[in-house]
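Student: Spelled out from the first residue to the last, the chains are:
Protein chains: 2
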Amino acid sequence: MTKIKNMEEFATLSGISRPTVSKYFQDPDSVRATTRARIEDALERFDYRPNMYAVNQNRKLTKNIGIVVPYLADPFFAEIARYLEQSCIAAGYRPSLFSAHGEQKLENEILDGLQSMKPAGVLLAPLGRISDRSAIEKFCANVPTVLFDSNLDGLGAAFIGSDNHSFVSQTVEYMTRTGEPPSFFEMRTPANPNANKRRKAYVEVMEGLGFEPHIIKVDGKGWAFEEIGHKGALKVLEERGLKTDSVLCSNDRLAIGFLAACFEQGIRVGRKEDCTLRLASNDDHPFAKFTCPSLTTAAHDYDNVATRAVETLFELIENGGKFENRTETLFPTRLVLRDSA
Amino acid sequence: MTKIKNMEEFATLSGISRPTVSKYFQDPDSVRATTRARIEDALERFDYRPNMYAVNQNRKLTKNIGIVVPYLADPFFAEIARYLEQSCIAAGYRPSLFSAHGEQKLENEILDGLQSMKPAGVLLAPLGRISDRSAIEKFCANVPTVLFDSNLDGLGAAFIGSDNHSFVSQTVEYMTRTGEPPSFFEMRTPANPNANKRRKAYVEVMEGLGFEPHIIKVDGKGWAFEEIGHKGALKVLEERGLKTDSVLCSNDRLAIGFLAACFEQGIRVGRKEDCTLRLASNDDHPFAKFTCPSLTTAAHDYDNVATRAVETLFELIENGGKFENRTETLFPTRLVLRDSA
DNA sequence: CTATTTTCTTAACGCGCGTAAAGTTTTTAT
DNA sequence: ATAAAAACTTTACGCGCGTTAAGAAAATAG
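Heads up: the sequence lines are chains A and B, in that order. Oh and the first sequence: position 72 is 72 in this note's numbering, straight run, nothing missing. Oh and the second sequence: position 301 is 301 in this note's numbering, straight run, nothing missing.
The hints are all genuine.
Note that identical chains are pooled: a pair holds if it fits in a single copy or bridges any two copies.
The list that follows gives simulated cross-link-like pairs (lysine-lysine, DSSO-like), each with its CA atoms no further than 27 angstroms apart: (1) 5 <-> 138; (2) 118 <-> 23; (3) 235 <-> 217; (4) 105 <-> 221; (5) 289 <-> 217; (6) 322 <-> 60.
Bear in mind the hints are in silico, worked out from the structure with no lab data behind them.
All chains should be built: construct the whole structure from the sequences, respecting the hints.
Tutor: So, in structure tokens, the structure goes:
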């Protein structure tokens, strides 16, 4: 196989003029079938691909899409990122994945770097409370951005996420229906805005059912939720701070820590006769199926959230990067009954 | 803040000529301090950044570095990717993270796309057994590549990883010293070459200690290790196929599934009096601390592996993309004693 | 203060491709 | 078959920056 320098050379070898070859690479269907065949034939013989830097230099809109998540070591984000990536690729875009690793500084740097990439659009799951709001606002002014997972009021052209009320109402109602109404277990200063919405939803649902809400806040910050849940639960269990025999964790990763604490303390969790505690949670984390006991939780509609986020971004791009009104789309969640409650 | 079109305009505004400004952006220390100050002053006033596409068009070597992992939903890879990313950034490079999501097709597509990015170098943790060897070989011929985590014989300019023998010898010796020698629990057809090396190491160590190795192979393929470990363990426990009271899992994710199965079957795992099974594993997965019971395992030296991999890649880049000899660097591992064994 | 070195400016070319205009060929419609 | 439409070729310019060569200015040495 000869090495091809540039499109000119490849065009000559394929017997087609360069402008037509250029057209082909932008949209293979934009050239006649016979022409396409000749180019693709040459492609097999010569292994040429356009220089992406030269290509993107002149284009107003690159085919790049940025995907930014707050914490990739959380398999939930890795999972949803996969969905997003694949949807972008299927639509002919080139996704680039970034993780802020829980740090504001990194989130800002990522957005900064993203700008010089001139992406067609960005799918952003912000850090939340610790995000630099003004930095994100600035970014969104320059780049078509759709927020997902964590909503920041007014930022981005649209938001797609899961309905936190749906999460909580399902778990609370289920626990109430089958036993005692749950206490709510969460971090004192949650990093994620969803946590606040879940707490509010919990209070609403409990009051709607005629029960008094009972919230347990544990110390700890950052993204080591399991550790925080573990330590917090140990403390609560030690101090006998549990006023109910059922607990709803704000999210699965806290619950994983909670379950570990229960196990260490010899507290049996579940709805069997010999159990003294029931624990449910929200998210349906990829590992929730393998906790001990397996975790009853409410599941994100990964598929719909991802699909809709990407669709929305494409609409936004086709619409020139602006929407008339900022929309917020919330998908209902699905109760997953397992052994912990 | 005025919007700046290009370097020419920015140069004029900063009062410095364009070639000098160009020099500054390639290496700020290559211009006189007073000049640097004037440029940086202008940078604060005007918010300009070079067009990365125009910049990279002419450069032989971009400042891009590709990081490719086989499965990002495994927090182990997310974690090591973070180390790698940060080391690259610290060295002034721009890392791009990709996950093959367990699929050969995707791995090939990633390498394909990476080529048109003309990266200075690539850090590649290949899928392993299901990698397309010839595709990777081709890629490595064109792009300076350092393999990490999973070794593919002869591919890439160097390999950096953890010493599988060190993993297994530590866990086996510990278990033997404090109880019965363990059986080895693994997938029948492991995706990862490390699995094979761990099995071999297990056999060697057991024979060296004068014990008969006992390997339990369970069905299942793909990257859903927890699920495979869970199902496999259930089957083994049902059939009473366990000939020892101690088991060493090939990796932590299998062990997580195994522990879940034990829990469901009411089998107490650990080294306490009332336990009937001891379970250890390898990797020190981020969640190993929160399993029930917490998992005794051998830990990768994340930090050293990541640091050395990046260092090696930089040497490779500075060396023009070729090494005289392909080196394989294996870091010893560290036994982490927890409750499961 | 002059000689030398360093750093800068000016001018100009090239990278690989997008894109537009004008003319030519092929396809489709009638 | 002929006219109209579609697709192509040729030519040429521009994108934003890297890079080089020649000359001017500034810093350093003695």
